[in-house]
Amino acid sequence: MQTIEDKPIFQKKNNCMYDAIIIGSGAGGAPIAHTLVGKGKSVLMLEKGPLFRPQSAGALSSFKRDELISDGHEKILNLPGVTNDGQPFYSSHIEPDINDEPHIYRSDTGDRATIEGYTAQAVGGGTNLYGGVSLRFTPRDFQLHTFNSQRNLPNDPNGDVRRETKDWPISYNDLLPYYEKTEYLVGLNGQKENQLKPWGVNNYHQPLSPNPVSQYAFDGMVKLGKMLNAGNPAQPYRTPLAVITAEHTPSGRKVPANPDTLKTSFVNRYGDPLGAKSSTWVSLLNPISTQPNFEIRPNCTVTHLGSSDAKVNKVYFLDPAGRPAETEGKLVIVACSAIESVRLLQLSALLDSNFSLRINQNDLLGKYFLTHAFGGAGGLIPGRADKSVALDSDWATDCCNNDDYLLSAGLWAGATIYNNTSDSALPLAIFRTMGALDLDNLWNGIQYDMSLYGDEIIKYLDKNFGRRISISFMANQVPQYNNRIELHPSVRDKWNRPVAYINKSWHAHDVYLMDHLADQCGRILELAGVQEVGKGSSYQSPNGLVRIANHILGGARFGNSEKDSVLDPNCRAWHFDNLYVTDGSWMPTSGSGNPTHTIEANSFRVADHLLSVL
Amino acid sequence: MSYTIVADQNPEDILNQCTRHLARGKVCFRDSAGVPQDNLSTVCENWRFPLIQPVTDSNGHTGILNEVTFVYFTGPDRPAGKVEVVGCFGPMYQPIDLQPVLYNNVPTGYFALSLLLPVGKGYYYRFRVDGKDMPDPINPQRKMLENNQEWSFFFTDYYNYSVEFEEWEMNLLSRLVTYILPFRTKDAQNFINRFYLTLTDQQRQSMPIYKLDESVGEVNYITNILAREERHHLIDYKICIGMIDRILRSRNPYVDSWEVSDTLIQQLYSEMATGKVNGWDYTKYKDPVFFLGLLRRHSIMGAFSHPRYGGNIGGVGWAYLKEQYSMTNDLGQITGTYFNWGASIEQPLGNNADYRG
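Order-wise, the sequence lines are chains A and B.
Read in order, the letters of the first sequence correspond to residues 1 to 614 in the working numbering.
Read in order, the letters of the second sequence correspond to residues 1 to 357 in the working numbering.
Among the clues, some could well be false.
[To be verified] Here are the simulated lysine-lysine pairs, DSS-like style, with alpha carbons at most 25 Å apart:
{"hint": "1", "chain 1": "A", "residue 1": "Lys-330", "chain 2": "A", "residue 2": "Lys-314"}
{"hint": "2", "chain 1": "B", "residue 1": "Lys-322", "chain 2": "B", "residue 2": "Lys-186"}
{"hint": "3", "chain 1": "A", "residue 1": "Lys-459", "chain 2": "B", "residue 2": "Lys-322"}
{"hint": "4", "chain 1": "A", "residue 1": "Lys-311", "chain 2": "A", "residue 2": "Lys-563"}
{"hint": "5", "chain 1": "B", "residue 1": "Lys-322", "chain 2": "A", "residue 2": "Lys-463"}
{"hint": "6", "chain 1": "A", "residue 1": "Lys-463", "chain 2": "B", "residue 2": "Lys-186"}
{"hint": "7", "chain 1": "A", "residue 1": "Lys-166", "chain 2": "A", "residue 2": "Lys-192"}
{"hint": "8", "chain 1": "A", "residue 1": "Lys-226", "chain 2": "A", "residue 2": "Lys-197"}
{"hint": "9", "chain 1": "B", "residue 1": "Lys-132", "chain 2": "A", "residue 2": "Lys-459"}
{"hint": "10", "chain 1": "A", "residue 1": "Lys-563", "chain 2": "A", "residue 2": "Lys-166"}
{"hint": "11", "chain 1": "B", "residue 1": "Lys-132", "chain 2": "A", "residue 2": "Lys-75"}
{"hint": "12", "chain 1": "A", "residue 1": "Lys-75", "chain 2": "B", "residue 2": "Lys-238"}
{"hint": "13", "chain 1": "A", "residue 1": "Lys-39", "chain 2": "A", "residue 2": "Lys-311"}
{"hint": "14", "chain 1": "A", "residue 1": "Lys-75", "chain 2": "A", "residue 2": "Lys-39"}
{"hint": "15", "chain 1": "B", "residue 1": "Lys-132", "chain 2": "B", "residue 2": "Lys-82"}
{"hint": "16", "chain 1": "A", "residue 1": "Lys-75", "chain 2": "B", "residue 2": "Lys-82"}
{"hint": "17", "chain 1": "A", "residue 1": "Lys-254", "chain 2": "A", "residue 2": "Lys-166"}
{"hint": "18", "chain 1": "B", "residue 1": "Lys-322", "chain 2": "A", "residue 2": "Lys-75"}
{"hint": "19", "chain 1": "A", "residue 1": "Lys-463", "chain 2": "A", "residue 2": "Lys-535"}
{"hint": "20", "chain 1": "B", "residue 1": "Lys-143", "chain 2": "B", "residue 2": "Lys-238"}
{"hint": "21", "chain 1": "B", "residue 1": "Lys-276", "chain 2": "B", "residue 2": "Lys-286"}
Source of the hints: derived by calculation from the structure; they are not laboratory data.
Given the sequences, and given the hints that come with them, work out the whole structure.
So this is what it looks like as structure tokens:
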């Protein structure tokens with residue numbers, strides 16, 4: 001095991017202990033920095049990746065409208081011992097190089113190295129690359145144990161759902177003001193009407209006009225809503241997206257004179273050179289970046305934490321040159337995304353017996369790792385639309401996200417269904433996604449379908465260009481103890497630290513649920529008169545456990561009892577006074593929508609608690 | 001040639017571009033290897049060095065100049081005293097100092113220098129570290145020059161030459177790529193010719209044009225990425241293009257390989273697609289299907305990626321799609337398009353007023 005013995009060079013500002021050190025600048029960390037700095041607390045934020053800003057009067061942005069900046073050129077994995085050694089992979093310019101910091105997934109055929117899509121290493125983390133879909137969870141998502149406590153579910157003969165699912169220690173109403181706060185401060189556009197969630201203040205910006213292709217999604221959603229509940233049909237609503245469409249006062253951001261020009265389809269998996277997509281940098285951190293009590297240090301990799309009794313008293317990191325450094329804070333907030341946060345805690349436990357004793361007070365650290373049950377259906381619309389003029393999603397529906405429906409369908413939890421507007425919208429995307437089931441087999445379709453050349457390429461484009469539409473569902477995954485994050489016994493990162501080792505499988509009820517919801521997505525297309533060309537779910541992808549697992553959650557779940565959780569209701573590690581974990585790893589269940597909005601809202605909630613203890 | 005030194009180099013920008021690639025564990029970078037070549041394999045995406053980024057000119061447009069940043073990293077524990085770069089961009093190969101990059105007011109071991117250089121050019125350079133000359137230990141592009149010295153090489157955006165391929169290789173590559181892409185029909189060729197005629201002078205200035213009558217520049221793209229981003233496939237091309245040349249010459253010994261009939265090209269394509277090519281030396285390269293797949297992917301990427309990579313000259317591939325998928329009224333008149341690519345792309349290439357590239 002690597003040890004760090006060199007004399008640290010890092011000097012604390014004014015030689016004082018920071019009120020808080022936040023590790024990670026994405027959805028879990030930035031709301032806390034924003035809140036604490038606003039209240040005069042001193043905050044040091046350490047971020048492994050670079051700080052890429054939107055363009056300014058004096059400089060261009062490193063984020064580009066350039067299809068090769070994301071999943072463009074081929075890279076080759078050089079990692080002996082894993083099954084995909086020597087195989088190609090594709091990633092964005094701010095996703096980690098898998099050769100440097102792989103995540104290793106165990107499978108039936110051996111260990112496979114990859115990285116989850118959207119795991120960006122840059123200030124703002126995954127919020128640089130996300131499509132921006134920012135759904136609230138439903139009240140039921142917080143109480144899935146209670147909802148299922150008396151139910152016998154299909155494909156769950158052992159009652160795993162009843163046994164393993166935990167209610168959250170907080171309710172929807174606890175989070176409601178923080179959802180509102182997030183919507184205001186981060187900057188979202190959307191429509192509250194027709195969302196099946198209690199609502200207070202409406203802080204949404206006005207959505208931009210939908211892309212014409214989305215009319216089919218709308219029509220199909222309306223019809224499916226009527227089919228499922230004729231008396232009280234769920235109606236579609238404009239998908240909440242983290243893109244501002246008007247001047248955003250809290251962050252001082254402006255939009256082009258014609259906001260419609262923001263619709264470029266360079267949204268999902270692209271950083272925004274104009275800063276209209278609400279990454280945590282542009283929305284929460286940049287506004288505080290000049291405050292004297294805030295210090296952000298990009299390009300600094302935290303290697304481990306040190307402790308004394310119930311205090312985390314050292315944060316050890318490597319500066320941009322790779323030199324060891326250390327610092328101290330009254331509070332330490334870990335928010336590196338679920339897998340890397342768990343790994344950091346496990347690495348710290350390896351090096352510090354006191355830390356190990358306290359963080360491993362039960363055996364749950366790393367357990368109940370979650371992603372989303374995800375899938376959908378794709379089709380070809382009868383006409384054509386200019387899909388290059390789009391954000392990421394236009395319409396969503398909660399027609400499969402209400403109690404009556406779940407009870408009648410035998411599903412343990414609900415899902416939001418929405419259409420993807422910008423998929424296959426741009427010329428390279430339409431080729432590289434041909435036949436691809438996840439991010440690890442991009443380009444394979446066009447590369448090896450030898451019949452496509454010359455005029456046949458024109459026919460392929462004639463059939464597909466501006467005609468593709470997809471409907472996706474985002475659903476809870478059944479928590480399983482054996483779905484877990486550990487340290488790999490032999491594979492090391494570029495700093496010679498053990499990398500994360502992930503075991504993950506789908507529960508039989510997950511498969512039942514995904515098949516069911518994929519059918520409903522297909523039905524939306526059918527009802528809209530769209531020719532379906534494919535339908536499926538992540539469990540069916542050969543690599544579906546891995547690269548497509550782009551919402552990484554759980555592994556350090558919070559709860560009311562230290563016996564069955566890693567964190568307390570305020571996301572504090574049970575046997576530490578000052579250690580908090582606020583990325584998605586605290587989630588006991590993964591929710592019926594994309595998780596970023598809920599992670600941010602929870603971090604605002606935790607930040608208020610931190611103010612009370614500082 | 002001429003250059004401008006970028007004054008007030010921002011250390012944050014340098015570190016933002018370098019750290020992910022160059023900061024390594026003690027066991028990884030330089031400590032484990034005594035010779036520079038060995039270090040190359042431990043640097044993530046070494047082809048990114050020197051760093052080459054678009055910048056705007058006095059008109060606010062990209063496509064004329066690049067900011068090229070040379071980086072030398074001694075490692076954090078062994079700061080060098082003086083690091084210079086000498087190259088063909090400077091008069092008489094005068095050395096120019098790289099400046100130490102500070103972090104928290106402490107030297108990092110990174111030295112950097114940013115120059116503004118024209119697009120579309122290639123440059124040789126070497127580092128001089130404490131008086132000792134050496135090629136760039138990171139950048140994999142190197143050439144042995146006539147004086148028997150090894151020099152590092154880089155090229156700026158829109159580059160349309162190749163130091164890796166000879167003309168006959170480029171000609172053959174062009175013929176194969178043209179067969180794969182959808183631009184060989186008469187209508188498509190007419191469109192391409194019309195497109196180039198309609199380029200404004202301003203657009204032409206930023207788009208060096210190579211063999212416009214034959215291609216949309218995808219060969220430029222392919223040779224560029226084989227020098228940098230996908231250098232690991234350079235060997236595939238060198239072996240296979242040589243082999244294809246030999247096979248085509250054997251099938252028609254009376255013309256150059258890139259001038260054989262369409263029938264012979266079609267025959268070769270079909271054989272490669274099945275993996276059974278008459279005359280293929282499987283001891284030298286075992287899988288023609290793999291190479292054909294590679295060529296197919298690269299051809300598509302070259303035709304439709306941003307022109308700065310060397311293909312899709314002036315956006316011709318995008319413009320082709322724009323016209324191919326145009327909206328028409330009942331009279332057949334064009335009323336719009338299903339691919340208004342220029343709306344999101346920077347000027348002068350596109351016409352977005354806010355995004356600057």
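Hints versus structure:
1. Taking the CA atoms of Lys-330 of chain A and Lys-314 of chain A, the gap is near 10 Å; set against the 25 Å cutoff, the hint holds.
2. Between Lys-322 of chain B and Lys-186 of chain B the CA atoms are separated by roughly 17 Å; this keeps the pair inside 25 Å, and the hint holds.
3. A distance of roughly 15 Å separates the Cα atoms of Lys-459 of chain A and Lys-322 of chain B; the hinted pair therefore holds under the 25 Å criterion.
4. Straight-line distance between C-alpha atoms of Lys-311 of chain A and Lys-563 of chain A comes to about 21 Å, which keeps the hinted pair within the 25 Å bound.
5. As the CA atoms of Lys-322 of chain B and Lys-463 of chain A are separated by approximately 15 Å, the hinted pair is consistent with the 25 Å bound.
6. About 21 Å separates the Cα atoms of Lys-463 of chain A and Lys-186 of chain B, which keeps this hinted pair within 25 Å; it holds.
7. Note on Lys-166 of chain A and Lys-192 of chain A: the hinted pairing is violated, with a Cα-Cα distance of about 28 Å set against a maximum of 25 Å.
8. Restraint check for Lys-226 of chain A and Lys-197 of chain A: satisfied, since their Cα atoms lie roughly 19 Å apart, inside the 25 Å limit.
9. Using a Cα cut-off of 25 Å, the hinted pair Lys-132 of chain B and Lys-459 of chain A is violated, with the two alpha carbons roughly 59 Å apart.
10. With a C-alpha separation of about 12 Å, the suggested pair Lys-563 of chain A and Lys-166 of chain A falls inside the 25 Å cut-off, and the hint holds.
11. Of the supplied pair hints, the one linking Lys-132 of chain B and Lys-75 of chain A is violated, its CA atoms being roughly 33 Å apart against a limit of 25 Å.
12. Distance restraint check for Lys-75 of chain A and Lys-238 of chain B: the Cα-Cα separation of roughly 19 Å lies within the 25 Å cut-off, and the hinted pair is therefore satisfied.
13. Straight-line distance between C-alpha atoms of Lys-39 of chain A and Lys-311 of chain A comes to about 23 Å, which keeps the hinted pair within the 25 Å bound.
14. Note on Lys-75 of chain A and Lys-39 of chain A: the hinted pairing is violated, with a Cα-Cα distance of about 45 Å set against a maximum of 25 Å.
15. Under the criterion of a C-alpha separation no larger than 25 Å, the hint pairing Lys-132 of chain B with Lys-82 of chain B is consistent with the structure, at around 10 Å.
16. At most 25 Å may separate the alpha-carbon atoms for a hinted pair to count; Lys-75 of chain A and Lys-82 of chain B exceed this at roughly 34 Å.
17. With a CA separation close to 42 Å, the supplied pair Lys-254 of chain A and Lys-166 of chain A exceeds the 25 Å bound.
18. The suggested pairing of Lys-322 of chain B with Lys-75 of chain A is violated, with an alpha-carbon distance near 31 Å, which exceeds 25 Å.
19. Proposed proximity of Lys-463 of chain A and Lys-535 of chain A is supported: the alpha carbons are some 18 Å apart, at most 25 Å.
20. At roughly 16 Å between alpha-carbon atoms, Lys-143 of chain B and Lys-238 of chain B fall within 25 Å of each other, so this suggested pair holds.
21. Distance hint between Lys-276 of chain B and Lys-286 of chain B is fulfilled; the C-alpha atoms sit about 10 Å from each other, no more than 25 Å.
Hint violations for this structure: numbers 7, 9, 11, 14, 16, 17 and 18, all remaining hints satisfied.
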